[in-house]
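Quick note, the sequences are listed as chains A and B, same order. Last residue of the first sequence: number 1478 in my numbering, and the count goes up by one each step with no gaps. Last residue of the second sequence: number 1478 in my numbering, and the count goes up by one each step with no gaps.
None of these hints come from the bench; they were simulated from the model. Heads up, some of the hints might be wrong.
Where chains are identical, the list cannot tell them apart; a pair therefore holds if satisfied intra-copy or between any two copies.
[Stated by the list, open to error] Quick list of in silico lysine-lysine cross-link-like pairs, DSBU-like style, CA-CA up to 35 angstroms:
| hint | residue 1 | residue 2 |
| --- | --- | --- |
| 1 | 1271 | 1245 |
| 2 | 1476 | 1356 |
| 3 | 1423 | 1476 |
| 4 | 1477 | 1419 |
| 5 | 1477 | 1423 |
| 6 | 1476 | 1301 |
| 7 | 1419 | 1383 |
| 8 | 1356 | 1271 |
| 9 | 1356 | 1245 |
| 10 | 1477 | 1383 |
| 11 | 1271 | 1476 |
| 12 | 1301 | 1383 |
The residues making up each chain are set out below.
There are 2 protein chains.
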Amino acid sequence: MYRIEGMRETLHPHPSLPPSRGKGHLGRIGRMDKLGCLYGVGVGPGDPELMTLKAVRVLKASPIVFTPQAAGSKDSLALTVARNYIDETKQQLIYAEFVMGGTTDDVWSEAAERIADYLLNGEDVAFLTQGDPLLYGSFMYVMVKVQAAHPQMPIEVVPGVTSITASASRAKTPLVSHAERLAVLPAMYGIDDLRDVLARNDTVVLMKVNRKAMAAVSQLEADGELSRCVFARRATTPRERIEFSLREVAPEETDYFSMLILRGKKG
Amino acid sequence: MYRIEGMRETLHPHPSLPPSRGKGHLGRIGRMDKLGCLYGVGVGPGDPELMTLKAVRVLKASPIVFTPQAAGSKDSLALTVARNYIDETKQQLIYAEFVMGGTTDDVWSEAAERIADYLLNGEDVAFLTQGDPLLYGSFMYVMVKVQAAHPQMPIEVVPGVTSITASASRAKTPLVSHAERLAVLPAMYGIDDLRDVLARNDTVVLMKVNRKAMAAVSQLEADGELSRCVFARRATTPRERIEFSLREVAPEETDYFSMLILRGKKG
Chain A
1212 MYRIEGMRET LHPHPSLPPS RGKGHLGRIG RMDKLGCLYG VGVGPGDPEL MTLKAVRVLK
1272 ASPIVFTPQA AGSKDSLALT VARNYIDETK QQLIYAEFVM GGTTDDVWSE AAERIADYLL
1332 NGEDVAFLTQ GDPLLYGSFM YVMVKVQAAH PQMPIEVVPG VTSITASASR AKTPLVSHAE
1392 RLAVLPAMYG IDDLRDVLAR NDTVVLMKVN RKAMAAVSQL EADGELSRCV FARRATTPRE
1452 RIEFSLREVA PEETDYFSML ILRGKKG
Chain B
1212 MYRIEGMRET LHPHPSLPPS RGKGHLGRIG RMDKLGCLYG VGVGPGDPEL MTLKAVRVLK
1272 ASPIVFTPQA AGSKDSLALT VARNYIDETK QQLIYAEFVM GGTTDDVWSE AAERIADYLL
1332 NGEDVAFLTQ GDPLLYGSFM YVMVKVQAAH PQMPIEVVPG VTSITASASR AKTPLVSHAE
1392 RLAVLPAMYG IDDLRDVLAR NDTVVLMKVN RKAMAAVSQL EADGELSRCV FARRATTPRE
1452 RIEFSLREVA PEETDYFSML ILRGKKG
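Model the full assembly from the supplied sequences, consistent with the hints where possible.
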């Protein structure tokens, strides 16, 4: 049982923790008399202007920047958002390549090991995450691995604007107010119980909507069981698409970054 | 069925919509040949550095700033966060005073009427909201009223970092990953079915935690039914308090801005 009280800023100055002497993952001795800090940086939903002031400051000050990148993709989405704040003549940019929707544990283990290496050498590392680092963000896998191997390592998480509130903002659609309940579920892992979830919550957000989920929700909409049905894809990016009925959305327009904001018809 | 495609920026330049000629709520004629834009500005969870770049830009450019304020309180929380970006020699600051947890519909109706008056005069209005404007934010009440009275009025919502991800970030506690489900419910409106909600979701966030909810969750924790129990109050503010067991939290330390992040023990 431990506590955190009051605000702590760990970038300037660094927490003065003892360096790891041969006990770190790689058995390395810190180059400087301090450890680096691992920053999980939420860069927000897509519009670079929706980065926080803190994300920008931390990113600019970090000598090492890790960015997740889907294998086979030319771009890292998080990097596209943050690109303007990275100076590759002064900062080292490292891609952690993963397979979208695939088994990625090895990727994050390798990234965590490389990151620990930099941290033990006293260098700060920023790990970019689209949206928020701890809400379906890849940072948490890396964070948990670094925490497990190096419990003493300074870690700071910079929260970001999520795609959920960004989608609602672009659609000007209230999510929840007052006594209402919100459920968030990743549709690609199954929504067989969607009717039940709609009945138990006021607003239901389906993330990672695939064609099967689109078909199921289209049926609910056609049956008149929804009082609200907002489709949002890549909100706040140049490829944004917002629709207020699934009748407007062809199946091939749905991708991994598609989302639905639903409300059922009550009573 | 309407759609929004591609990014739109409405602050510079203004959307050139026709002014309301006597059809507005107050029957006023626009002073200039355009309407103002209503901005719902999410200022984030409390740390001013967690404002987005866009929130700062919009706020600085808005001649009129509305801020909600609890009746009897000396400070507006949203205003405390945004204070550095408001110049009262150039911008008009207006307080919308409401009773915390009380019936506030009249307050928002009055605020919406005053706001519409400025908008019809061609002046942009920024309405501050702690966290995000559409997730338990007071902005949505105002937005809905302005939309109903003036469907043609330009409105833009600037999403903000929520207290949910901010609390998780300060506790370094993952919220949900991969196939996991998240439920968010305001505890002060009842959690009699909390065991059921915990069984149906991987992570449960209780907002607006009162003493009754604290007692109920303390009992669950004592019974060994929780695998995670994080108490977070006013995360990222100077009054932040984070605890990893309710045994550390006295009932009087709980307030309207207290939150719990819970995970049940699975079968």
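Please sort residue 1423 with residue 1476 into within, between, both or neither, judging by C-alpha distance up to 35 angstroms.
both (22 angstroms within a copy, 31 angstroms between copies)
Go through the copies and call it for residue 1356 and residue 1245: within, between, both or neither, with a Cα cutoff of 35 angstroms.
within (20 angstroms within a copy, 55 angstroms between copies)
When no copy is specified for residue 1477 and residue 1383, does a C-alpha distance of 35 angstroms or less occur within a copy, between copies, both, or neither?
Cα proximity of residue 1477 and residue 1383: one copy only (22 angstroms, versus 37 angstroms across).
What label fits residue 1419 with residue 1383 when the C-alpha limit is 35 angstroms: within, between, both, or neither?
both (21 angstroms within a copy, 24 angstroms between copies)
With identical chains treated as interchangeable, where does the CA-CA distance between residue 1476 and residue 1301 reach 35 angstroms or less: within a copy, between copies, both, or neither?
neither (55 angstroms within a copy, 47 angstroms between copies)
Within, between, both or neither: residue 1477, residue 1419 at alpha-carbon 35 angstroms
both (25 angstroms within a copy, 24 angstroms between copies)
Within, between, both or neither: residue 1301, residue 1383 at alpha-carbon 35 angstroms
Between copies, since 29 angstroms is at most 35 angstroms while 40 angstroms is not.
Checking residue 1477 and residue 1423: alpha-carbon separation at most 35 angstroms within a copy, between copies, both or neither?
both (25 angstroms within a copy, 28 angstroms between copies)
Is it within a copy, between copies, both, or neither that the alpha carbon of residue 1271 lies no farther than 35 angstroms from that of residue 1245?
Only inside one copy: residue 1271 and residue 1245 sit 20 angstroms apart there, 40 angstroms across copies, limit 35 angstroms.
Residue 1356 and residue 1271: within-copy, between-copy, both or neither at 35 angstroms Cα:
For residue 1356 and residue 1271, the Cα distance is within 35 angstroms only inside one copy (25 angstroms; across copies 42 angstroms).
Within, between, both or neither: residue 1476, residue 1356 at alpha-carbon 35 angstroms
between (43 angstroms within a copy, 22 angstroms between copies)
Residue 1271 and residue 1476: within-copy, between-copy, both or neither at 35 angstroms Cα:
Cα proximity of residue 1271 and residue 1476: none, with 48 angstroms in one copy and 41 angstroms across.
Hint check: violations occur at hints 6, 11; the rest are consistent with the structure.
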